[in-house]
Amino acid sequence: MENAIEVNGMRKVFGQKTAIKQLSFNVEEGEIFGLLGPSGSGKTTTIKILTGELGQTSGNVNVLGIDAKQFGTADFKSKIGILSDNSSLYERLTVYDNLKLFCKLYHAPLKEIDVILREVNLEDERTKTVSKLSKGMKQRVLLAKALIHKPKLVFLDEPTSALDPGNMAQIHRGLQKLNEAGTTIFLTTHNMEEANVLCDRVAFLHNGELQELDSPNALRYKYSTHAFHVETFTGDKLVIENKRGNADQIRELIANGQVKTMHTDNPTLGQIFLKVTGKELV
Amino acid sequence: MNVQRISAIFEKDIKDFMKNMMLLTMPLIPVVLALIYDRMGTEEFPLTLLYLIVGVTFSAVTSSTMMTMMAEENEKKTLRGLILSPASFVDIIIGKSLVTGLITLVSLVVSLMILGIDPFLNTIPISGLILQFLFFLFLGIGIGLFSKSIASTSVYLMPVMFLFGFTPMVGQLGFSEDGIVMTIFDTFPVMQAIEAHENSSWAPIGIITLWVAAAALFMFICFKRTVTDD
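Top to bottom, those sequences are chains R and C. Take 32 as the starting number for the first sequence in this note's numbering and just add one per residue. Take 836 as the starting number for the second sequence in this note's numbering and just add one per residue.
Everything labelled a hint here was simulated from the structure, so no lab data went into it. Because the structure is a prediction, the values reported are computed rather than measured. Careful, some of the hints might be misleading.
As the list claims (entries may be wrong) - Examples of chain R residues toward chain C, derived with CB under 10 Å:
no.	residue
1	86
2	116
3	122
4	137
5	180
6	213
What the hints assert, rightly or not - Straight-line C-alpha distance at most 25 Å; calculated PhoX-like pairs for lysine-lysine:
no.	chain 1	residue 1	chain 2	residue 2
7	C	850	R	169
8	R	159	C	850
9	R	142	C	850
As the list claims (entries may be wrong) - Here are the simulated distance ranges between beta carbons:
no.	chain 1	residue 1	chain 2	residue 2	range
10	R	165	C	925	34 to 44 Å
11	R	59	C	925	28 to 38 Å
12	R	48	C	1037	22 to 32 Å
13	C	1059	R	192	28 to 38 Å
14	R	138	C	911	44 to 54 Å
15	R	201	C	911	19 to 29 Å
16	C	1041	R	140	45 to 55 Å
17	C	854	R	201	23 to 33 Å
18	C	842	R	181	19 to 29 Å
19	R	59	C	1059	29 to 39 Å
20	C	1048	R	165	45 to 55 Å
21	R	197	C	842	49 to 59 Å
22	C	911	R	197	52 to 62 Å
Cβ coordinates follow ideal geometry from the N, Cα and C atoms, glycine included.
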């Protein structure tokens, strides 16, 4: 499989501050890749470099086979979709008029507007002025704007930050559908559940450095102690190490009907992040 | 340059303009001023007065509208959406200038028709008007991009109006005809347009062209600063 994104030794310095220190990773075509990190870790800077909003200080960046020097071209811009903190809508115009503008800028057929509005559950808001929409609805229009031209690669910076759980789940389903159709998705998020549900692979970014990169399952396995957590009917909570010598103890608890719950150690991505970086993902 | 993208930006801007009360009232300023002068009942208006209306139109309508529109796009981050789309610098600038061009044309023609448009129906005055329009347009775009917020445009609009729009009035302030102040003001676009008109000379048109080139460079530099976050 080809790489949609190739980053080699990317560095970004703002004056005296190094925002990104030697970042290297690849994102495969058709993958949902999550970049996780706390505020100030360099996530948004990374997305901005990958979309051409910022230039890297050093290193090589290649997106969809196009070198960073060519990120300003119409060819590159028409292949990617972006939802970031720099995305915004025309408040005095309707939802339809906002999307119509971007349809025309990207030479996409106007019939796509109704399709995408259905996908983001905003069909009834079609003729509403953007200024009258809730924050969550605006976020969904921005997402529709980023996807209207069916880009090969989508960059989503905190795509569901303003959404309630119902709308978030709907957006997740939409993104999964988009991904099944072959679109590569690069997203940043604070939301571990989101990363868990959506991402094929996640990367932990901390102080501008990559700390871990793997699938959520592989990371959970790597950082699990593999111990059994047993809660008995008498309220005792036991942690039994997963080794041959302890099999009799577990067998005995089950045979005596003492086990209320039992599960293996399964750390969340948030716990793993804390373990790796010593910092909470907020 | 892409016609479909330019027309998309124009279509969006015209809808946005029609819902913006602040911008809708700007084209009325020169028209109201022309009506006031007309009520004074002069038989034939001096050229300086006609060019005052021209200066007011270009500064209060062209520059002001453009400044406000660009500053709003900048402040609300919608400009970044256009920049990140396949639309080029030229597509964005032309698309965004069409609405301003249209309302400037309507405002200027109505104002001059009230006072008498006949003196302008000649090649040199028309060339002067077109170049002045471009100068004020580029200046407006540049300042709009530079100012970052709509509120701050008013700080820049005043000098533009008084220096470049009301230039024909400077002579009334009592400066010496041969003094340095008048010599400098005489090189300003509106004054050069008056000179070109009075003497049917192309040389002042050349000087206005230099002003247009300087404004275009200023606009280009400001736009380049907006394209990336570097």
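Cross-check of the supplied hints:
1. 86: holds, 6 Å
2. 116: With Cβ-Cβ at 8 Å, under 10 Å, it holds.
3. 122: holds, 7 Å
4. 137: Hint holds; residue 137 of chain R Cβ to chain C Cβ min 6 Å, cut 10 Å.
5. 180: With Cβ-Cβ at 9 Å, under 10 Å, it holds.
6. 213: violated, 21 Å
7. C:850 <-> R:169: Holds, because 19 Å separates the two Cα atoms, which is no more than 25 Å.
8. R:159 <-> C:850: holds, 14 Å
9. R:142 <-> C:850: holds, 21 Å
10. R:165 <-> C:925: 34 to 44 Å: holds, 37 Å
11. R:59 <-> C:925: 28 to 38 Å: holds, 36 Å
12. R:48 <-> C:1037: 22 to 32 Å: For residue 1037 of chain C against residue 48 of chain R, whose Cβ atoms are near 55 Å apart, the range 22 to 32 Å is violated.
13. C:1059 <-> R:192: 28 to 38 Å: holds, 31 Å
14. R:138 <-> C:911: 44 to 54 Å: violated, 25 Å
15. R:201 <-> C:911: 19 to 29 Å: Because 27 Å falls inside the window, the suggested range holds.
16. C:1041 <-> R:140: 45 to 55 Å: holds, 48 Å
17. C:854 <-> R:201: 23 to 33 Å: 31 Å Cβ-Cβ, so the 23 to 33 Å window holds.
18. C:842 <-> R:181: 19 to 29 Å: This hint holds: roughly 22 Å between Cβ atoms.
19. R:59 <-> C:1059: 29 to 39 Å: Distance hint for residue 59 of chain R, residue 1059 of chain C holds at roughly 35 Å.
20. C:1048 <-> R:165: 45 to 55 Å: For residue 165 of chain R against residue 1048 of chain C, whose Cβ atoms are near 48 Å apart, the range 45 to 55 Å holds.
21. R:197 <-> C:842: 49 to 59 Å: violated, 39 Å
22. C:911 <-> R:197: 52 to 62 Å: violated, 28 Å
Violated hints for the displayed structure, listed by number in ascending order: 6, 12, 14, 21, 22.
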